[in-house]
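Enquirer: One line per chain: the protein sequences are A and B, in this order.
Just so you know, we're using this note's numbering here: the first sequence kicks off at -19 and counts up by one.
Just so you know, we're using this note's numbering here: the second sequence kicks off at 16 and counts up by one.
Hints may be right or wrong, so weigh each one.
[To be verified] Between beta-carbon pairs, the in silico distance windows are:
id, chain 1, residue 1, chain 2, residue 2, range
1, B, 63, A, 151, 52 to 62 Å
2, A, 12, B, 205, 57 to 67 Å
3, A, 131, B, 194, 36 to 46 Å
4, A, 76, B, 165, 13 to 23 Å
5, A, 22, B, 187, 23 to 33 Å
6, B, 159, A, 53, 36 to 46 Å
7, B, 149, A, 12, 37 to 47 Å
8, B, 194, A, 162, 43 to 53 Å
[As the list claims (entries may be wrong)] In silico negatives: residues of chain B with every beta carbon more than 12 Å from chain A:
id, residue
9, 85
10, 127
11, 180
[Said to hold, decoys possible] Partial selection, computed: residues in chain A whose CB lies under 7 Å from chain B:
id, residue
12, 110
13, 113
14, 114
15, 117
16, 120
17, 121
18, 124
Derived by calculation from the structure, the hints in this document are not laboratory data.
Note that beta-carbon positions come from the ideal geometry of N, C-alpha and C, so glycine has one too.
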Amino acid sequence: MKTTKYVLIASVSLILIVSLILGILSVRYYNRLVSLDENINESYAQVYNRLEQRHDTITQMVSTVSGLQEHEQAIYELIVEARTKYLAASASNDVDALAEADALESQAITQLLVVIEDNPNLTVSSAFNGLLDTIYALESALSVARRDYNNDVASYNRTVRRFPGNIYKNIYSFESNLSYWRINEGVDEVPNIDFGD
Amino acid sequence: MKKLLSLVILTLTLVSCQKSSLPKPYNQFYVNDYADALMTYTEREIVSYNRYLYETYGEIQIVYVTFLINDEKDIDKYDKTELFRSFKIGKNDMGLLVILYFSKDDTSEYESKQLEAYAIEIGYNLEPYLPIPSLSNLIEENLYHEDNYEIPDLMVMRLNYELLNHFYVNLYEETPIVYDMEVYFDELLDAPYLPEDEQQSQFVLFYLISSLFTGSFSPFTFILIAIFGGLSTVGLIKLKGGGGSSGGIGLFKRRR
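Only chain B is shown next, with the shape it has when bound in the complex:
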């Protein structure tokens, strides 16, 4: 019986670990910094603002994804529409996906990332609220704002404030968020260091705890890993997409 249970759990674990060609969203969902270009402080700020928008109005989800690229070919690795659909961004097809492609800046003395291109994908029902010409202006003006000093955190944060304000003002007739990027920059400099790989450390921690209880490798270990390994790095909750889809409308621009 025990052997059978182990076999079932092992099979389930292997099936759940099956590789998909598209990356899975992080538990915090709204920021998926695969390029490791952003500070944890910025990620948390964006997650809290964007989560508030979604949980207050129940429709729009703005999600960021960053990829590290070595050459042009890496940009074509993932289709933006497929990524949007696999993340299921926004409720009632009211989602927005912002993909930022970074490369390593070898000229800099410190390890830094440079923005090479961006891609935007708009959910079906958000299309009328984000006409392409105005979206293009909004992105260009805020992503490449001279006061961002080419710092990815400032670029993304300024863009996020403006996108949020666009929706608050035009869709929900709310007052816009008042922000000061200089203040944000100071906050960023003062922000305490938070380890990036929190999820992995949680995983290891629970593995160790379960091993202490069981004394050895057992199905119980698998159960603990399956339960706790899937919980979020943010308050132990896994944030999810609202089930939205998109039809390929958006932007893709390389940096000039």
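Bound-form chain A, shown alone:
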């Protein structure tokens, strides 16, 4: 009789301890997944913010160049196309489409700089060099923002694929595998052109 009582107490205690451990783990993993998810949201917002800044700067930059008429159309078309893609991608929260728009605007910048370098008859206003510095600064910031985003995605994906993260991910209905910010190598590099002062 006494033995049965002890076994019962031990079993109940064991169940309580296991439940407690599972409960603590469950709360811990839920909070961890929320934090990782929030980090990604912050990094995404940072990339988007930089893309906006770059878009504004390149639009200003085009207006500082005189005599661009024959090339202007092609460059503007690239910028407008990139802008349209941004808005569509942003509305649908499509990271791949946003990365595509990002690459397209980088191409527009490169094209603008190459056109200016190849045509010495084009005149640039005094604001041009300052805006060019801003473009370089924003390219550097974009590359950091993309890297931070990808690091956060990697950290999230690693957690939800590993045990026991994969179980908690299903319990709390978190997403499985988030996409990285992919941009073709070299596309985001603005050519280093010296326009003098």
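Starting from the known structure of chain A, arrange chain B on it as the hints suggest.
Expert: Quick look at chain B alone, frame taken from chain A:
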């Protein structure tokens, strides 16, 4: 017990000595002259001015780092954003990192260093106060000012005065610092010689003192080294970053 204690201390020492790919900031924090391009007098001047700015207003930290380069590849050795983040410059992300790349000038009769390039990294929340076009002008005008005579100390000091004045005037609505670079040059020439490698000499000194007390190699020696080896060359205090971060905004320019 003694063996166990020695083992624990040895392990802790080895762990703390683990090599990081990024250089650690000096104890004086505001000037990290890895290229050995600046005189100790200039370093101390900058440290006192920049420390005053931070300790008075509690936000902005302006930090200088110099690297000695042999070729172009050396410039890419360290990422400016990673360096900023590892130094944790500025409180509330209000930091500014100025990296100066020097090369040895072999044409000169005396040992001298020539500025090859510079990189600037701005903390997230300092970005609105330092628009890139005006920062670029400020740097170019002061770093390459003809009255600097290519002397690294004058280049850095003039730039620092102007950066400080930019913040004092535009952020804190204070009167700017009045400075005279000719007077500073005279002060620099009259400045007494101060050994650069103060930290190492302190380290050795404490090692010797502890050895005298203990008579031999013991855990006590390790404890003394761990405590005093980490103290600053400036008033035995280790200055630190305010926990700031940055997002890659800044400048990088090679000398034309």
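Enquirer: Checking against the hints above, which ones are violated?
Expert: 4
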